[in-house]
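Number of protein chains: 2
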Amino acid sequence: MAITLTQLLDKMFAGDEVAVARLMTLVEREGKEVGPILEALAPRLGNAFTIGITGPPGAGKSSLVDHLAALIRKAGKTVGVVAIDPSSPFTGGALLGDRIRMSQHYLDKGVFIRSMATRGSHGGLARATKDVIKLLDAFGRDYVLVETVGVGQTELDVMGTTDTVLVAVVPEAGDGVQVMKAGLMEIADIFVVNKADRDGAARMQTELSLMLELKYSNRPAAEADRPLWRIPVLPTQALTGVGLKELFQAIETHHQFLIESGELGRRRKARRREELLSRVEYEVRRRLTIKSRTDTAFAHFLEEVSEGKIDPQTASTKILESSVLRE
Amino acid sequence: MAITLTQLLDKMFAGDEVAVARLMTLVEREGKEVGPILEALAPRLGNAFTIGITGPPGAGKSSLVDHLAALIRKAGKTVGVVAIDPSSPFTGGALLGDRIRMSQHYLDKGVFIRSMATRGSHGGLARATKDVIKLLDAFGRDYVLVETVGVGQTELDVMGTTDTVLVAVVPEAGDGVQVMKAGLMEIADIFVVNKADRDGAARMQTELSLMLELKYSNRPAAEADRPLWRIPVLPTQALTGVGLKELFQAIETHHQFLIESGELGRRRKARRREELLSRVEYEVRRRLTIKSRTDTAFAHFLEEVSEGKIDPQTASTKILESSVLRE
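Chains as they are written, first to last, in the working numbering: chain D, -3 to 323; chain B, -3 to 323.
In short, the hints are calculated from the structure, not lab data.
Treat the hints with caution; some may be incorrect.
Copies of the same chain look alike in the list, so a pair counts if it fits in one copy or across any two.
[What the hints assert, rightly or not] Simulated crosslink set (BS3-like; lysine-lysine; CA at most 27 Å straight-line):
{"hint": "1", "residue 1": "K211", "residue 2": "K7"}
{"hint": "2", "residue 1": "K73", "residue 2": "K265"}
{"hint": "3", "residue 1": "K314", "residue 2": "K287"}
{"hint": "4", "residue 1": "K265", "residue 2": "K314"}
{"hint": "5", "residue 1": "K305", "residue 2": "K265"}
{"hint": "6", "residue 1": "K314", "residue 2": "K70"}
{"hint": "7", "residue 1": "K305", "residue 2": "K287"}
{"hint": "8", "residue 1": "K105", "residue 2": "K73"}
{"hint": "9", "residue 1": "K70", "residue 2": "K105"}
{"hint": "10", "residue 1": "K265", "residue 2": "K287"}
One chain only, chain D, in its complex shape (with noise of 0.2 Å):
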């Protein structure tokens, strides 16, 4: 290419969006170029408040990253937003219909808007996002607004990786048992009920209430002398902005709580371990992927694999006792 990697990266670090734009293409491609860009990033980490804003498609997430996004412009600070889409079956690419609605920020430098499409992956797609929030992190972004749709191993890996998670519900996705089936009350720690002015809303935000008092009340010992964050369950109502500034006002609160109990150091600690043993996942399947095309023997290996000649349990033991996974 005209430009190297590294006159990218110095432009980025003076500032440039289109070169951030670039070097996210460039992670989102996975290619020989990762290494060297997170490399790079390393010392620049860590001065992002991270904010993952997650629930059930149809839940308001949209609006609600379009306010905070404004709250915090409001503030005198920068954003950077990463919304992830499912793909397309039609096109292959990203729905982006929900982003149309950022418009309003289309022209503030302070926005940056990144959308990410589902498509191809198996862990890639949570790697990916990891990497987009660390570039939004080093580009300098006072705040990183994360966005997923529905809650799976992907959602919760994403979220994960945010230092906040705001979890949305609206009425209609019915009781708090569902919210507890899908995994929600383990990754909240601030509750949205959203289109809060729709029936049933006051009996969702109780049932979610009592459900966090009975968590409180079954606490782990191990966890007993750490500080207890009481998770806050907020009304808004996305599309005109009600209770937004009381959720923003939540935000803050929480991530004054990190700071002070030392959470925020315990959670990025343990973020960066499994960020570690995930990237050892992902390069394993990358470089067996590979080798399945370049090299003869092993091809074949797999062939009876798939034939179900040798047993994928088997076959997994083999592997890591050979020389297969060095490059």
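Given chain D's structure and the hints, the job is docking chain B onto it.
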């Protein structure tokens, strides 16, 4: 233990249900027995027809599974049911409320039910579920029904291991775009619009059908010469059983299609290959976790990663080039 693994396997092959349940517990615990168990199962696999049932929380999947199990029994066939229940943050156990409904099958030896908790996931659940399905297959079940809640990476992984995927939605789930956003369009072989007596059911059916037409007309060129399966969109009322016979018929029709088109073989081959890759990934994580407890030099290295002194990408490469992964 008083009984050896070989004896346990022999008991299972002789039809002992208690032995199957104990073997399931062993694969869930992910101990040393997993390898030998899978090796023993390998020659007995591939006879069960596996059906995945997924969709958003509240779509009535448990009721659908319940009815399908009854219809399979009526057809004189045996069935195994694997239900993935998210674990409760309170007890660490599975939420088994929905399963109580299955009690009509309690005394029927032709129905074997297993609930899996989602606790401590990270691919572990998907892998354990695949092993449990294999146990039911090797146990001689004609059908295996696998029910998952929600749609995330784990659910997609699990659905990827079944022969037919049934996606259940309800009119309240929003519109077809939401279904598409949740990635359900890509995995469905059969759509069920459950609670079809509610408002919006007809509209939901029409929308899904239209989106499917769009999908067919945008078929990748590479698949153009393969026979096309036209995904049915079936209305059901699982609580009362309306539409269930038609659903079972559609499953049987898809089964025939898979066999006649050669797609069944193709899917199973791809599945075994994928299983190998994910087993290697899992084993890598397991070995590193053990090493972090037993090898002080490696523990120190991990600590430096946790503190941000070594970036995860560099550390990952170092691990793969070392002999840390060998046991």
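Going through the hints against the structure:
no., hint, verdict
1, K211 to K7, "neither (48 Å within a copy, 42 Å between copies)"
2, K73 to K265, "within (26 Å within a copy, 52 Å between copies)"
3, K314 to K287, "both (15 Å within a copy, 19 Å between copies)"
4, K265 to K314, "between (33 Å within a copy, 20 Å between copies)"
5, K305 to K265, "between (43 Å within a copy, 11 Å between copies)"
6, K314 to K70, "neither (58 Å within a copy, 45 Å between copies)"
7, K305 to K287, "within (20 Å within a copy, 32 Å between copies)"
8, K105 to K73, "within (11 Å within a copy, 64 Å between copies)"
9, K70 to K105, "within (13 Å within a copy, 65 Å between copies)"
10, K265 to K287, "between (33 Å within a copy, 18 Å between copies)"
Checked against the numbered hints given earlier, this structure breaks hints 1, 6; the rest are met.
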